[in-house]
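Given the sequences, and given the hints that come with them, work out the whole structure.
Position one of the sequence shown corresponds to residue 98 (the numbering used here), numbered consecutively onward.
Bear in mind the hints are in silico, worked out from the structure with no lab data behind them.
It is possible that some hints are incorrect.
Stated by the list, open to error - The list that follows gives simulated cross-link-like pairs (lysine-lysine, DSSO-like), each with its CA atoms no further than 30 Å apart: (1) Lys135 x Lys156; (2) Lys135 x Lys207; (3) Lys101 x Lys141; (4) Lys261 x Lys156; (5) Lys261 x Lys101.
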Amino acid sequence: MFIKPNQFVIPTEQRDYSEWHRGRTRYALWYLLLDQVKHAEIIKQLDQIRHQFSDCLIKSSNRQYHITLYIGGFLTCDESIYNDDFPQSLFVKQQQQLESLNLSHSITLKLTAVNSFESALFVQVSDSLHQLTSIRSVLRLAQHTEVAAQTYCAHITLGLYAQKVMGQDVLQRLDACAALDVELEFDQIHFGYYSAQTLQGPLHSLYCFNLE
Numbered sequence: 098m099f100i101k102p103n104q105f106v107i108p109t110e111q112r113d114y115s116e117w118h119r120g121r122t123r124y125a126l127w128y129l130l131l132d133q134v135k136h137a138e139i140i141k142q143l144d145q146i147r148h149q150f151s152d153c154l155i156k157s158s159n160r161q162y163h164i165t166l167y168i169g170g171f172l173t174c175d176e177s178i179y180n181d182d183f184p185q186s187l188f189v190k191q192q193q194q195l196e197s198l199n200l201s202h203s204i205t206l207k208l209t210a211v212n213s214f215e216s217a218l219f220v221q222v223s224d225s226l227h228q229l230t231s232i233r234s235v236l237r238l239a240q241h242t243e244v245a246a247q248t249y250c251a252h253i254t255l256g257l258y259a260q261k262v263m264g265q266d267v268l269q270r271l272d273a274c275a276a277l278d279v280e281l282e283f284d285q286i287h288f289g290y291y292s293a294q295t296l297q298g299p300l301h302s303l304y305c306f307n308l309e
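Here it is, written out as structure tokens:
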């Protein structure tokens, strides 16, 4: 999952992953979105960090900075055909369960450091009050297995690797990055999707849950 010093990072091929999407278009998830106005200074910081690593990251990214809360899969109006389908009826159940949590205050998180997965550069997110844990617990469904890594790691992706780079080289560059101590506040939770046929395409919000 995380980068290893003695291995190359895993670059993302810039192509249509037809064997993955099988003609399906909308890949759904729950997420916290960094707002262009409210989080403008933080977005500027993230852009600067991404620029420092621009020589090894995919340049054509239109994905907004966000924190993924739960990955649903391919949104469909019908019952599941593939194990990574996500029927709209499951979204309705999640929506009802989220409303039952009675969240009435904003979510406060902290950005702490720049780090790397095997395939992507990211910023670590600290959730000392376990707010994301509570939200994720109500989004879980008995009828659905989340399409995600076994262990949840709250983060903001800065970019996917475009080429093979030795992990040790990336780690040395990460050590040179200044530590972060930035607080983030969110007053909305989004459910939306991105186009499976567009690599690093934008997120489209379908539903917004207001926390205040």
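Going through the hints against the structure:
| no. | hint | verdict |
| --- | --- | --- |
| 1 | Lys135 x Lys156 | holds (25 Å) |
| 2 | Lys135 x Lys207 | holds (15 Å) |
| 3 | Lys101 x Lys141 | holds (28 Å) |
| 4 | Lys261 x Lys156 | holds (15 Å) |
| 5 | Lys261 x Lys101 | holds (13 Å) |
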